[in-house]
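**Student:** Residue numbers (numbering that gives the first Met the number 0), protein chains in the order written: chain A, 0 to 209; chain B, 0 to 209; chain C, 0 to 209; chain D, 0 to 209.
Just to be clear, a hint being listed does not mean it is correct.
[What the hints assert, rightly or not] Derived CB-CB ranges, DEER-like:
hint: 1; chain 1: B; residue 1: D81; chain 2: A; residue 2: N134; range: 37 to 45 angstroms
hint: 2; chain 1: D; residue 1: S30; chain 2: B; residue 2: G28; range: 29 to 37 angstroms
hint: 3; chain 1: B; residue 1: G28; chain 2: A; residue 2: D69; range: 28 to 36 angstroms
hint: 4; chain 1: B; residue 1: G184; chain 2: D; residue 2: A41; range: 55 to 63 angstroms
hint: 5; chain 1: C; residue 1: G43; chain 2: A; residue 2: S131; range: 15 to 23 angstroms
hint: 6; chain 1: B; residue 1: Q103; chain 2: D; residue 2: S30; range: 34 to 42 angstroms
hint: 7; chain 1: B; residue 1: G28; chain 2: A; residue 2: S131; range: 23 to 31 angstroms
Calculated directly from the structure, the hints in this document are not laboratory data.
Just so we're clear, the structure is a prediction, and the values are computed from it rather than from any experiment.
Glycine residues also receive a C-beta, built at the ideal position from the N, C-alpha and C atoms.
Protein chains: 4
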Amino acid sequence: MPRPSNTAERRAQIARALLKVMAERGYEGASIGAIAAAAHLAPGLVHYHFESKREILLAAVALLVQEHADRIERRLAPAAGDPEAELRAFIDAHLRVGEGADPQALACWICVSGEALRDAEVQKAFAGALESAVNRLAAIARRGARERVFSCARGDVDAAAAAIVATIQGYFVLAATARDLIPPGSAADATWAMASGLFGLSSATRKASR
Amino acid sequence: MPRPSNTAERRAQIARALLKVMAERGYEGASIGAIAAAAHLAPGLVHYHFESKREILLAAVALLVQEHADRIERRLAPAAGDPEAELRAFIDAHLRVGEGADPQALACWICVSGEALRDAEVQKAFAGALESAVNRLAAIARRGARERVFSCARGDVDAAAAAIVATIQGYFVLAATARDLIPPGSAADATWAMASGLFGLSSATRKASR
Amino acid sequence: MPRPSNTAERRAQIARALLKVMAERGYEGASIGAIAAAAHLAPGLVHYHFESKREILLAAVALLVQEHADRIERRLAPAAGDPEAELRAFIDAHLRVGEGADPQALACWICVSGEALRDAEVQKAFAGALESAVNRLAAIARRGARERVFSCARGDVDAAAAAIVATIQGYFVLAATARDLIPPGSAADATWAMASGLFGLSSATRKASR
Amino acid sequence: MPRPSNTAERRAQIARALLKVMAERGYEGASIGAIAAAAHLAPGLVHYHFESKREILLAAVALLVQEHADRIERRLAPAAGDPEAELRAFIDAHLRVGEGADPQALACWICVSGEALRDAEVQKAFAGALESAVNRLAAIARRGARERVFSCARGDVDAAAAAIVATIQGYFVLAATARDLIPPGSAADATWAMASGLFGLSSATRKASR
DNA sequence: GATGAATGAGGCTTCATTCAT
DNA sequence: TATGAATGAAGCCTCATTCAT
Chain A
0 MPRPSNTAER
10 RAQIARALLK
20 VMAERGYEGA
30 SIGAIAAAAH
40 LAPGLVHYHF
50 ESKREILLAA
60 VALLVQEHAD
70 RIERRLAPAA
80 GDPEAELRAF
90 IDAHLRVGEG
100 ADPQALACWI
110 CVSGEALRDA
120 EVQKAFAGAL
130 ESAVNRLAAI
140 ARRGARERVF
150 SCARGDVDAA
160 AAAIVATIQG
170 YFVLAATARD
180 LIPPGSAADA
190 TWAMASGLFG
200 LSSATRKASR
Chain B
0 MPRPSNTAER
10 RAQIARALLK
20 VMAERGYEGA
30 SIGAIAAAAH
40 LAPGLVHYHF
50 ESKREILLAA
60 VALLVQEHAD
70 RIERRLAPAA
80 GDPEAELRAF
90 IDAHLRVGEG
100 ADPQALACWI
110 CVSGEALRDA
120 EVQKAFAGAL
130 ESAVNRLAAI
140 ARRGARERVF
150 SCARGDVDAA
160 AAAIVATIQG
170 YFVLAATARD
180 LIPPGSAADA
190 TWAMASGLFG
200 LSSATRKASR
Chain C
0 MPRPSNTAER
10 RAQIARALLK
20 VMAERGYEGA
30 SIGAIAAAAH
40 LAPGLVHYHF
50 ESKREILLAA
60 VALLVQEHAD
70 RIERRLAPAA
80 GDPEAELRAF
90 IDAHLRVGEG
100 ADPQALACWI
110 CVSGEALRDA
120 EVQKAFAGAL
130 ESAVNRLAAI
140 ARRGARERVF
150 SCARGDVDAA
160 AAAIVATIQG
170 YFVLAATARD
180 LIPPGSAADA
190 TWAMASGLFG
200 LSSATRKASR
Chain D
0 MPRPSNTAER
10 RAQIARALLK
20 VMAERGYEGA
30 SIGAIAAAAH
40 LAPGLVHYHF
50 ESKREILLAA
60 VALLVQEHAD
70 RIERRLAPAA
80 GDPEAELRAF
90 IDAHLRVGEG
100 ADPQALACWI
110 CVSGEALRDA
120 EVQKAFAGAL
130 ESAVNRLAAI
140 ARRGARERVF
150 SCARGDVDAA
160 AAAIVATIQG
170 YFVLAATARD
180 LIPPGSAADA
190 TWAMASGLFG
200 LSSATRKASR
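Could you build the full structure based on these sequences and the hints that come with them?
**Tutor:** This is the structure we're talking about:
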């Protein structure tokens, strides 16, 4: 009678430990030993639950992406149905809180972007997360266009969505590496102003922001 | 008969080799041996010219930053005096060519952002480069505001400049990790549209772009 | 099912291997690889049980000192209670056997004295061993003085003890580096004669020696 | 017309630099670069004047030995002709000043004893120096015996001389590694007392010491 | 003689991974 | 499942030595 498997929790525990260590030492710097220590596990156990260090990274990225997505959706929910409010919520969810919140996730996100350059699987997960964001934004934009709230040429929606995601991503990098360059509290507002430029929102609407 | 020192060139040679290797293997993955090989030098020579691997990184970052700055200035020169043209040139210099150009530099830039998280010196250099960009942009914006080309609240100039730099930085990340998300050729235009939103450029002006 | 730790034995095994290698190649010359080989272990294992090479040295010194102390005490036991016999036993234990015995320990002792110059911890252990010897001798001398066997000014006891220890230490060096200078079998006798000079032992007593 | 050779001075300069560096880093720790720096020379020059690092060591040992011998002879000169005074001068020359004097030479001496274990040439030089000391002492002792100042069995002279040299050597080690064990100023006196034991000097004579 | 660059071997250490228990 | 030991491959760095100038 095999004891009930706890592999799932263990895996999450280990993946989370990697995020913790990776945030301050990077992926290469996160040794199995350090990960095990952070997870309060014996080193040998790590390779019982994961084939390789890379597998842990993949699990960690999945965790990171999932938790981020969940958070965004939670923030988006109240604004459901109102494109402008949704757009604003989307931006705020990323930058109003995200600006200072969870520096660990921020650091990991940067690390992951680096690993994505060299690991196809990581790249896929990372790009997938970005794509989801773009798609989410594009959906909002399309609805806004349909409802005449946004004025955006059909074909430009994807470009616009990508631009906003790029801005958010760029703010992440700045926040993590050159925070002083961002006037406090300006990220979300400036992004909103930029989005206004993209979607032809009126000045009036823009002023109303925040 | 003192031999003429060739340390300066050697250092540049080695730093450039690091950029080459780092682009495809990351900083940690760029072993001294690999760097030496890429520079066509004996391994031992690397540590003759550099105290440590980290020193090479610092030199490489300096090189990267300097060459980037030079390129930008070259692109900005023709537009000197015309704020709108300068802004456009600034964006184009980063995203029109940069989009596909020099993937090596792009990858290195991402790597460096990651190292900046853990190394104060790298962080300083990286943040310094971003700050230069922000300052350059802010100067353009201030002039534009003074000349009534841009409408931008005094205090928002820095925020606006940071926002544009963030967007560019974000496009770099997307270009390196999720290129498919960027409709070809859209980066510069979308950024211009966003900048228009920030600086209150009229539709008319916007259409004229590119 | 925690595996029973064998670290203690392994550490001793490795420390002993260091002594072995150090005896013929010196401390610097004792590479981790050579130590591992002498201990019949994989190289990587050495650093599993020791933080650094220096830690091995410290353990080895402790071992060396302990084993030496044990040997001395064993030799001293039969003479317990008779100051003169104890003094003689102390000298013989170091020089009668020590003269030719265990050249490995002898060489290591010299090496350690050298390392003590540069490593505070080693110095502490080395000086501690010497101090123990001095104290042991001083205790014997004090008792001898109390019992009127030795005539020794109160304050000179420590100086006398140190002098004898110095002589022994000096013989070690000579034995290891210039054996020919020591007429065979003369070390213990000459030291005894010198001790007699220090403690005012009568000629008669002196002739009785050995 | 070749420029006049300065090799001799250069060699001495380099050998002396080795002594300086070796005193604080040991022989292995004295890299050619460090030696060159200490000698204010370019690294490449060292191997122009010496075949190998080992050659420098041999030269340095010779220097050390020679300078020591010179110093001793200078100290011995005033006492020439009086065996007891010579003996005392010999001891004082080594321990009265030597106790605290020239810690660099002291450290080097310990280092050299260690190298002597592994290098036949060094061993020869080191043992030679000790032998000279023993012979010098033995000559003094023989004369003292002839003049009835010392009472020392014919055959024991060499053993006695070796014993005194051993004591001195041992004091060197103690002075360098466990100075606290030597009551200040006691080394020479205690050695003299020991020598008295060896040479049957009367109490009266002993008290006159110092 | 002198200089600074070049070479390549080797050392300490870290680490992902495997394994016996 | 879990543990701690074991393995061996690199990696960074130091260094004696050689060389071109």
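**Student:** For each hint, tell me whether it holds in the structure or not.
**Tutor:** Quick rundown of the hints versus the structure:
Our hint of 37 to 45 angstroms for D81 of chain B and N134 of chain A holds, since their Cβ atoms are close to 38 angstroms apart. Between S30 of chain D and G28 of chain B, the C-beta spacing of about 31 angstroms keeps the proposed range 29 to 37 angstroms intact. Range check, G28 of chain B to D69 of chain A: about 33 angstroms between beta-carbon atoms, so the 28 to 36 angstroms window is met. For the pair G184 of chain B and A41 of chain D, the supplied restraint of 55 to 63 angstroms holds, since their beta-carbon distance comes to about 58 angstroms.
At about 44 angstroms, the CB distance of G43 of chain C to S131 of chain A disagrees with the hint of 15 to 23 angstroms. Distance hint check: the CB atoms of Q103 of chain B and S30 of chain D are about 37 angstroms apart, consistent with the given range 34 to 42 angstroms. In this structure the supplied range 23 to 31 angstroms holds for G28 of chain B paired with S131 of chain A, their Cβ-Cβ distance being about 29 angstroms.
Violated hint for the displayed structure: number 5, the only one.
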